[in-house]
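Each residue of the sequence shown is one higher than the one before, counting from 1 in the UniProt record's numbering.
Take these hints with a grain of salt, some might be off.
Restricting the straight-line Cα-Cα distance to at most 20 Å, the calculated cross-link-like pairs of lysine to aspartate or glutamate (DMTMM-like) are [claimed, not checked]: (1) 87 to 112; (2) 39 to 4; (3) 43 to 28; (4) 37 to 89; (5) 41 to 67; (6) 39 to 28; (7) 113 to 28; (8) 41 to 20; (9) 41 to 57; (10) 77 to 89; (11) 77 to 67; (12) 6 to 65; (13) 23 to 35; (14) 37 to 9; (15) 39 to 84; (16) 39 to 7; (17) 77 to 57; (18) 43 to 4; (19) 41 to 9; (20) 87 to 9; (21) 43 to 67.
It should be emphasised that the hints constitute simulated quantities derived from the structure, not laboratory data. Predicted model, so just to flag it, every value in this text is computed and none were measured.
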Amino acid sequence: ITNDPKEAEIIIVNTCGFIESAKQESIDTILEMAEYKNKYKCKMLIATGCLTQRYGEELLNLMPEIDILMGVNDYMKLHKLILDFIKGERRILAANYSDENINEGIRLLTTDKHTAYIRVAEGCDNYCT
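Work the whole structure out from these sequences, hints included.
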């Protein structure tokens, strides 16, 4: 695991799909990370989160740079999806929300010690502020 995309063999981009500026930032980040497939070690680009859950089919058609699209609660399937991709499959998952998919286990921190992401809510009702 690395924070340096130049060193990563697999890059995962978490996306937002509700606020217009966040959607654009997600798309820009996916395209930026796709460059690492062309220039560095990256062999696989995975997009996950609200944007991929809402616009999965569209993104798959419009962004061939993405190898795997996952919904907001599909992270438990990540290992299988990576193995499937290595075997030659290309997947898109229509994620279904389920409390059973939530894992509150220990998380590996990849940010600096003075930085933290805090989960405020699960999902979104489009009441953005």
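Q: Just pull the numbers of the violated hints for me, sorted ascending.
A: 1, 7, 8, 9 and 15
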